[in-house]
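Student: These protein sequences, in sequence, are chains A and B. Counting with the working numbering, you get residues 5 to 331 for the letters of the first sequence. Counting with the working numbering, you get residues 47 to 246 for the letters of the second sequence.
Bear in mind the hints are in silico, worked out from the structure with no lab data behind them. Careful, some of the hints might be misleading.
[Unchecked claim] Within a straight-line C-alpha distance of at most 27 Å, the following computed DSSO-like cross-link-like pairs (lysine-lysine) qualify:
hint, chain 1, residue 1, chain 2, residue 2
1, A, K74, A, K92
2, B, K206, B, K54
3, B, K148, A, K45
4, B, K98, B, K148
5, B, K194, B, K98
6, A, K156, A, K33
7, A, K44, B, K148
8, A, K33, B, K98
9, A, K186, A, K238
No experiment lies behind these values; they were computed from the predicted model shown.
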Amino acid sequence: MMTRWTRKDLLGLEELSREELLLLLDQAKAFREVSLRPIKKVPALRGRTVVLCFLEPSTRTRTSFELAAKRLSADILQIQPSSSSLVKGETVLDTARNIEAMQVDIVVLRHSTSGVPAMVAHSIKPSVINAGDGSHEHPTQGLVDLFTIQEKKGRIQGLNVLIIGDILHSRVARSDLWGLTKLGAKVTLCGPPTLVPSLMETWGAKVSYHLEEVLPQADVVIALRLQLERQQEKYIPSFREYTKLYGIDQEKLKSAKPDLILMHPGPVNRGVELSPEVADGPQSVILDQVTNGIAVRMAVLYLVAGGRAAHQTPVVPKSSPSPVEAD
Amino acid sequence: MSNQTHVKAHLLDEQGIRRALTRMAHEILERHRVLERIALVGIRSRGEWIAKRLSTLLSEIDGTLVPVGALDITLYRDDLSLVAANPIVHSTEIPFDVTGRKIIFVDDVLFTGRTIRAAMDALTDLGRPQSIELAVLVDRGHRELPIKADYVGKNVPTSKGDLVQVRLTESDGVDEVVVEEPVVSERPSTGSGRTERVEP
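The following block holds chain A by itself, in its conformation from the complex:
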């Protein structure tokens, strides 16, 4: 018997149990089939309203959530920072309470500060899905990576997963790490010392500063985006040096396992983290990640919508208790 989903919100992968992670991956598999149909729509969230509140730029995650919600027949409301009252100085919490007052069901929230989705989730009744907060977590991207690895490799348990790049600022790396270690993968973090503090070994991962030493063992490589906007803070001497030491190209892949798969949460800085031949090469599953993103987000929206129902009094008439539900 599979575990049931009872959470109102999805804020991160750190707090989830192994069983909850497996449930999410299993459900994503069921939802993938919907996107392959001629009519890519099911009525599961008909009449529910999903608010997409992206207070930090995003294309991929926002469109992925939007498609996922549309394929579940939900109504969608978009809130963007430039057109919202936030520019007039309204606090996030006030905005959230106002959205709540409009009887919405699910708020998908991205914010540049870690912890904002959790704070909002505790103060409003609708479900909150964290779509990336600061450098804390990006749970749906973490689930996409888990799902893609499971799909391509057939398992997660026992795999060597190498995460390369700016771990310090990466919420994707955090979500990946929590999810992967819970499902039994061995995670190695690799990058320049300024971006991979050795303290991260306390998170249950191995830390390495030498790509050539760890690449040959890897079954999966997750290359992270070098955040160009942070270059001014001088974490690395130059892009050229970074690419030489930590960029993946065909030359470096010669030492890797032939069945290695290469992932990237996007957007790729071509020629920096990945050479173009590698990014478009046979080992790259970057576009599969994008495809799987919709199925994973459909599963999250569906499960979280049910979690909300569990927290409120069900509308079932008192006179007709259900005979089967309790067992």
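With the hints as your guide, set chain B onto chain A.
Tutor: Showing chain B alone in chain A's frame:
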């Protein structure tokens, strides 16, 4: 809520199920004569096993291989906003084009008819079948929608609160159909039918 029940009646044993399905297979042949465009669609989870058995029986009698698909209706249920914790979704696997086919839905128990209503919605999202018929192992009455089965293994009068349990070797290790009734408590169950497909 207490889920204690006791067995009220044994409806079918292994042999009874086999006889009922064999008769249903003959009825399908009698009505359609040629099975060329027929496809069986089992409703998850036990309908799928019954559909596979019917397909085997049809090929034994007629020599025609009737394709079998499995349909999960969870996302089409009319009570998703009522149940606490959304039920597990299983994948739909229909390995043939539905359009133009004569589809026979196969399910274990026909009760309120709400499952079949959902299944018709789910199937028409996959294409436009020429026709849809319904085959069930047990019809227990108490319909809440205008739906009727074309092939029935056994008609059983039940009270609304009864529980009709179909157990199949493939999923439960044994072939049997029993009627159970809830052990009497202070608040007798009247049943709602809405939750008939909630996973045990």
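Student: A separate judgement is required for each hint: does it hold in the structure or not?
Tutor: Hints, verified against the model:
1. K74/A - K92/A: violated (30 Å)
2. K206/B - K54/B: It holds: about 13 Å lies between the C-alpha atoms, which stays within 27 Å.
3. K148/B - K45/A: Holds, at roughly 23 Å.
4. K98/B - K148/B: holds (17 Å)
5. K194/B - K98/B: Roughly 22 Å separates the two Cα atoms, so the pair holds.
6. K156/A - K33/A: Holds: K156/A and K33/A sit about 13 Å apart, inside 27 Å.
7. K44/A - K148/B: Answer holds: K44/A to K148/B is near 23 Å, not above 27 Å.
8. K33/A - K98/B: holds (23 Å)
9. K186/A - K238/A: Violated, at roughly 34 Å.
Going down the numbered hints, you'll see the structure goes against 1, 9, while the others check out.
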